[in-house]
Amino acid sequence: MSERPVSLPGEPKVDLEQARAHGLAPDEYRKIEQIIGRTPTYTELGVFSVMWSEHCSYKSSRRHLRKLPSKSELVVQGPGENAGAIDVGDGWAAVFKIESHNHPSFVEPYQGAATGVGGILRDIFTMGARPVASMNSLKFGSFEHPRTRYLLGGVVGGIGGYGNCVGVPTVAGEVMFDAAYNANILVNAFCLGLVRKGEMMSAKARGPGNPVLYVGSATGRDGIHGASMASAEFDKQSEAKRPAVQVGDPFTEKLLIEACLEAGKTGAIVAIQDMGAAGLTSSSSEMAAHGGLGIELDLDKVPLREAGLTPYEILLSESQERMLIVAERGREAELKTVFDKWDLHAVVIGHVTEDKRWRMRWRGQIVADIPIGALADDAPVYDRPAAEPKAQPQTKISITEKPGTAKALRALLDSPNIASKKWVYRQYDSIVQSNTVLGPGSDAAVLRIKNSRRAIALKVDSNPRACALDPYLGAVGTVCEAARNVACAGARPVGITNCLNYGNPERPEVMWQFVRGVEGLRDASIAFGAPVVSGNVSFYNETEGHPIPPTPTIAVLGVMIDVSKHVTQFFKNAGDAIAIVRTATPSLAASEYAAIFGIDGGRLGAIDLAREAALIEGLVEGAEQGLIRSAHDVAEGGLAVALAEACFNPRAILGAEVELGRAGNAAAVDFFGEGASTVVLSIAERDAARVESLFAGRGLEFAVIGRVIADPRLKISGTLDEGIAELQRIYEDAIPRRLRGSD
Amino acid sequence: MQVKVFVTPRMGILDPQGRAVESSLQSLGFKNVSGVKVGKYILLEVEARTASEARDEAKKMCEALLANPVIEDYRFEVDGE
Amino acid sequence: MKWGVVRFPGSLDDGDALYAIAEVMGQDARILWHKDESLGGVECILLPGGFSYGDYLRTGAIARFSPIMKSVAKFAADGGLVIGICNGFQILCEAHLIPGALTRNRSLSFICERVWIRVENASTPFTRATKRGDLLRLPIKHGEGLYVAPEDELRQMEERGQVILRYVDADGRESDAANPNGSMRAIAGVANQRFNVFGLMPHPEHAVEAMLGGVDGLKIFQSIAGSAR
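Chains as they are written, first to last, in the working numbering: chain B, 1 to 743; chain E, 1 to 81; chain G, 1 to 229.
No lab work stands behind these hints, which were simulated from the structure alone. Among the hints, erroneous ones may be present.
Restricting the straight-line Cα-Cα distance to at most 27 Å, the calculated cross-link-like pairs of lysine-lysine (DSSO-like) are [to be verified]: (1) E/Lys60 x G/Lys131; (2) G/Lys70 x E/Lys31; (3) G/Lys2 x E/Lys60; (4) B/Lys204 x B/Lys59.
Stretch-level coverage of chain E by chain G, calculated; a stretch enters the list once three of its residues show a Cβ under 8 Å from a Cβ in chain G [said to hold, decoys possible]: (5) 28-37; (6) 61-70.
If you anchor each label on the Cβ, the simulated ranges turn out as follows [to be verified]: (7) E/Leu43 x B/His145: 50 to 60 Å; (8) B/Asp343 x E/Val38: 28 to 38 Å; (9) B/Asp90 x G/Asp28: 20 to 30 Å; (10) B/Arg651 x G/Val24: 17 to 27 Å; (11) G/Glu159 x B/Asp343: 19 to 29 Å; (12) E/Leu28 x G/Leu135: 28 to 38 Å.
The beta carbon of each residue, even a glycine, is placed where N, CA and C say it ideally should be.
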């Protein structure tokens, strides 16, 4: 038996050209030859091509991601494991992460989105945490684009089809439609799990001689080269790459969740990792590398769905719902019993070694033998050139006449970006597991922690229009917005996860956007004392040379000491004072108003992070003291839209009468301006002075602008007087109306 | 022996999938379409000595599991018949 | 009362039902594993919501062949109380313990929302803590909840009082808009002829705490608890 790795009969010849076909640069191929001291086998070439892809290696982003703060007294696990973890009190750690599944979802929206949900769930329960909440951030092309409806239906169907079937509630999300995503949609999936502190599981292999178990679904040919597909630009051929998309099986995932959590309780698991991108290859090499050890697998033992898979295919398959476990030697049977109970495969396919090699055997031959570090830590790291583009993108000015205030408000409520997303979230189970205090349709989701007074709040946000104007300020503003939403609910922001969606990093201007985005994320994270504990980078989001706008998607975790003090966005009582508190002056830059009416909104205003942090402190303190009846963040559409939304109380609609700007002289920016970190509050009359001191005492602009009225009308500054029921009808029907096609 | 089982919604039972397919076909210009039903097609390998033995087996399977008589009709074809 | 909540592979609301009965109601409740045949001496069996066996062929079609379902059928035949919620209702129909069947929602999509339910028959072990005509606010969450049965059977069921719950609007009136899934005669819950087996699509176990949106579901569980033999 030869101990030298061999290519198999019939496999293509390995050379520079073949390496290029696998997406490896000539320098990278030479580095591979240097590391292993010979020509790689075909299997080895495939393995390097996925492990050194942007998707797996973070080769363009790694040096920048190091700038992100990842420590605080609450961090239980920072970057480096499958997900990050934050101490949320009463002995619980929240494990969470967000990840992209953009390319697969564009190619096959239902399965792409479904497997995106499945993948992020596995990252969470791999850590020993029970997944308790999902969120998602979706970006589609304009509603008028011919593919948008198909993609929207498919993605939403896939998220629901998978999420509903595994019993994890989808509690929040965001959906945006913009022509900039016509040819490259974004599907970012978030999951959070809870685990008792000290019971977290790790992905670091330990103990040479310990057996390696394969558990879950059998391996088929799905998704081969998914990771390298996610590392390339789209072209006309992408749609023909359909067979590469994986198919999800949520039923098996549900069994896998229960079985893995039960197996974790036996104490026989040393390390566990899901087979995500680059499947068996990445899970086995990363577990061994993180433990400073080697691994040897016998590929003949891998359960196969169909006969005839080659080692190359077995190693690169991205079949879903599979996990790799390093068990304590001699305790395999205990684990098998658990997986048998749940009718899942659990097969010993190899063992941990001391020699720091990644060695794969197949039919008596060695098909790959690589120093373990070469696949993970020694992967190339690039310092790609970054350069600010000369001309900033300019919004076209096509407006002929200014719309009236009432007409503008109706148009904004009818915009799919502002309108109710009920058509979407009604398709998601948001209540399973009995923890959802506030579900979709709120500023932030609130989940109680059972047998505790505590609760967590979650929000996912992005603001690509602002990021297109200024990638640094846009990223800062996105973090502020997500944190503010969590604080509006009454929770203190304690942790961040991010999914950084950008174009091709080989373009200096895209790299510049990325670097500025990371810097913005860093600065905001420091200001709020909310570290970035996990994340994901998605590059190459461009089609035929057109990159998407920079889109850092930010999810913030907040903690609430007493769930009974949570605050909702809706006005509660006629007679309550309506106040606004803000950190700056609003503008029309990057606003929905500017986008709809085609005007140049100008530049983004500066953001004072100390004031942003003060606003959040004030909101949390006000909620904890029970002084705030309702709090609603002013987002797309500005103050007028926020006021209308606050009136849409599902229990009983109310009205509002307010005065904006200088009396009788309010301009569009007063009604519809954005970007100034503004919150609309309602307060019992008697508490108004205390609330004012809460914010004014922190140097923030605070003003009582009106009051809640029983008459369900929105009356602003004598220039607008609209019935709430009619505004709500527009808001609720905007998306269904477009889907019915009766525009 | 190969058995092909066709499961379709029972006559008179509301078939929202069929209705949706029918209306989108019509909106695509196929105005001559009506009576669309969406069902399932199940392919089985049955070990049997004769076609009639396979038929008997297939009928039992349909009644036990493959179709729900409250809402579905079934028919099947045995290879070589 | 001793309750047993059956856990099938793919059950999802089993934990929620257990929580509602044991933690909120303070009753004795345990999980029954689908591969077991013993019912452990329970007095009421609850088949929970979820996607048993992925609901891959038809909802509930595979779960009904689980070993425990033989015991459940026997328990029901002996007059024991059985309640099936959502997927549990689908399983009861497939097992012919309740007439009719559940098919895809009229909209073809999954629906998760709170709806109004009217009690049509309050003299059953599952509704005795309510009055006829009472309105309950309960969540539904399903993709296949459109109730179907042959017309003549429906007529007989109505005469016998087997239609227990119906979808209505906030004022208690039936309307097409208030029927979320297109069920025949707006049926949301039905019982067998003996009134000891009950299936419903709404989730009473998700309406037991005010903080989570309402407590109307408790009435169903209180009715059952008060019906102990």
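* Asked: So does G/Glu159 sit 19 to 29 Å from B/Asp343, Cβ to Cβ?
  -> violated (44 Å)
* Would you say the C-beta atoms of B/Asp343 and E/Val38 sit inside 28 to 38 Å of each other? -> With Cβ atoms ~30 Å apart, the hint holds.
* **Verdict on chain G covering the segment 61-70 of chain E, where coverage means 3 or more residues with a C-beta closer than 8 Å** => Since three or more residues must qualify, the claim that chain G covers the segment 61-70 of chain E holds, with 4 doing so at under 8 Å.
* Would you mind confirming whether the straight-line C-alpha gap from G/Lys2 to E/Lys60 stays at or under 27 Å? => violated (38 Å)
* For the pair E/Leu28 and G/Leu135, does the Cβ-Cβ distance stay inside 28 to 38 Å? -> violated (43 Å)
* **Pairwise hint evaluation, E/Lys31 against G/Lys70, where the allowed Cα distance is 27 Å at most** => violated (50 Å)
* Asked: That 20 to 30 Å hint for B/Asp90 and G/Asp28 (C-beta), does it hold up?
  -> Holds - the Cβ-Cβ distance for B/Asp90 and G/Asp28, about 27 Å, lies within 20 to 30 Å.
* **Cβ distance range 17 to 27 Å for B/Arg651 and G/Val24, holds or violated** => holds (23 Å)
* Asked: Counting residues of the segment 28-37 of chain E with a beta carbon closer than 8 Å to any beta carbon of chain G, are there 3 or more?
  -> violated (count 0)
* Asked: Does B/Lys204 pair with B/Lys59 here, judged by a C-alpha cut-off of 27 Å?
  -> holds (22 Å)
* To do: Check the following: the C-beta atoms of E/Leu43 and B/His145 are separated by a distance inside 50 to 60 Å.
  => Because 38 Å falls outside the window, the suggested range is violated.
* **Straight-line alpha-carbon gap E/Lys60 to G/Lys131, limit 27 Å** => violated (45 Å)
The structure does not agree with the numbered hints 1, 2, 3, 5, 7, 11 and 12 stated previously, though it agrees with the rest.
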